[in-house]
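Trainee: Residues per chain are reported as follows:
Protein chains: 2
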Amino acid sequence: MGSGGRKLEPTIPVVAVVGTGVIGRSWALLFARAGCRTRIYDRDPAQLEKALAWLDQNRELISAHEKLADALAGAGYVQESGPEEIEIKKAIYRELDQAADPQAILGSSTSAHDMSEIADGLAGANRCIVAHPVNPPHVIPVVEILPGVKTDPNVVTRTRDFMTSIGQTPVLMNFYVPAFLLNRMQAAVIREAISLVESGVADVDAVDAVIRDGLGLRWALMGPFGVANTNADGGVREYFTRYGEAYKNCMDQLGPTPSFDPELIERLGQGTDAMTGNASRDETLRWRDRLISRIRELKAKDPQP
Amino acid sequence: MGSGGRKLEPTIPVVAVVGTGVIGRSWALLFARAGCRTRIYDRDPAQLEKALAWLDQNRELISAHEKLADALAGAGYVQESGPEEIEIKKAIYRELDQAADPQAILGSSTSAHDMSEIADGLAGANRCIVAHPVNPPHVIPVVEILPGVKTDPNVVTRTRDFMTSIGQTPVLMNFYVPAFLLNRMQAAVIREAISLVESGVADVDAVDAVIRDGLGLRWALMGPFGVANTNADGGVREYFTRYGEAYKNCMDQLGPTPSFDPELIERLGQGTDAMTGNASRDETLRWRDRLISRIRELKAKDPQP
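Residue numbers (numbering that gives the first Met the number 0), protein chains in the order written: chain R, 0 to 304; chain H, 0 to 304.
In short, the hints are calculated from the structure, not lab data.
As the list makes no split between identical chains, a pair holds if one copy fits it or if it spans any two.
Derived DSSO-like pairs (lysine-lysine); straight-line CA-CA distance at most 30 Å:
{"hint": "1", "residue 1": "K6", "residue 2": "K298"}
{"hint": "2", "residue 1": "K247", "residue 2": "K89"}
{"hint": "3", "residue 1": "K300", "residue 2": "K6"}
{"hint": "4", "residue 1": "K149", "residue 2": "K89"}
{"hint": "5", "residue 1": "K66", "residue 2": "K89"}
{"hint": "6", "residue 1": "K66", "residue 2": "K149"}
{"hint": "7", "residue 1": "K49", "residue 2": "K66"}
{"hint": "8", "residue 1": "K49", "residue 2": "K89"}
The model shown is predicted, which means the values in this text are computed figures rather than measured ones.
Just chain R, same shape as in the assembly (with noise of 0.2 Å):
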């Protein structure tokens, strides 16, 4: 479903997963479904028993595990998803390269960490990347890998080769920098809709039309470098020529970074209300899913030439 169709042959057959929460349970699904032996582990019972219940039809190749040593054997590639506290991350760390196989990978689903700090110390830093996936990650394809100062070029390789062959889309960074690719620019789109409300020129629903029927449609498609590269006769070079000054004289107008206080979270509460009415989170996530797998098997079928 989420590959679009295509058939699959992971480069690492047996897998582990660490933490089985929201993130977790779905990188689960992900290696499950690409075939690959998928041992799960939780320190908390009851958190592996409701993935397990999530998991529901899709668990033939997995395993549960009450013990991290067990969940550990015979994988290599491990898909850490715990809390996003430096210090936990760390300590999972220390553990995670005792017990794990000497030649498994490590890596991480955090959002905000830096793999050089995470894996500082450890003997095998060498093995230790960050592989943060969009949630979830059994229905977006991007993950976002990013190496620490120690990972070895090799480990890095070896990464995003895994991801491909599950059908993921691994996007490389060259060092870290906060919030990654993802988070950085979600939060430009955020900072302006937000200041585009809050200065009153236009609601929630009418910023967020113009983004779902809009920008949207063709960022689906294609990043905003691809989308340039077709918006002028002879592509991205003559685009920015032609309309550099401009972007710069509307770039260095556009609205600061809003405050977060409660009457402005409230007031953009109100405007999602009104936009969305009564729809269940649950439906509106399962009609979300349903239709980004949709898009995918377009895409999967139809290539961009």
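Could you slot chain H onto chain R? The hints should help.
Mentor: Chain H alone, transformed into the frame defined by chain R:
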């Protein structure tokens, strides 16, 4: 096609298209497909011929006119798509206001100018309004609606109703801001995208992949507020309360406005070349329009709950 297969009943049966370049001819196709009698005019007869050739099989409801007055006769809505220079726009609007039927709405495709300025001094300033499409309007539904200070509220309502009736998504701006809504949010993404490439964090293809295989898949369905609303159990209020501080930190560190100097543009050009290979622009545009139409069909058949 563009409307996702719904039967359309235009609220205004006869329209005129003034200026038949890339945007004007796309409007003509959109109007005619929706069932409007569509009268097209360009002061350059060669441009009019080119538009007729492009419209090809879709000319049943379209008539071309060599005189502006003939094109305007009987039209209840006029879509102006002339050059983006304020003095030319003002001159065109003087002509339109003199020659169009008294009840006709005079809509402009301008992406840059304030209708308060274009229509300044006109007897019919109350019927003048910006209706800025995304290129191409027969594929992408968003239309930014921006009244001038003298625009009659009834004209705003009639324009929005008309756009809705032909399958477009009108979004209302309450007052003028430079670059309107869409190009501001696009500029926010482009600024950060360029900054990430320029600083060496990632290459053009990686940055674009984050959008086309990540954020863009969600944004084809929901705008930033809709996405935020689905990203926490408690909706947009919980999301911005929980992540507000993290967003503020991130937003304060986003990249600066780029120089758009020739060296930077060439670097972006080389990155884009490496990403797109030898694909022809025409073929890529046909692919883009085909897939956007299919995404709109998916959304029309399976709308958001």
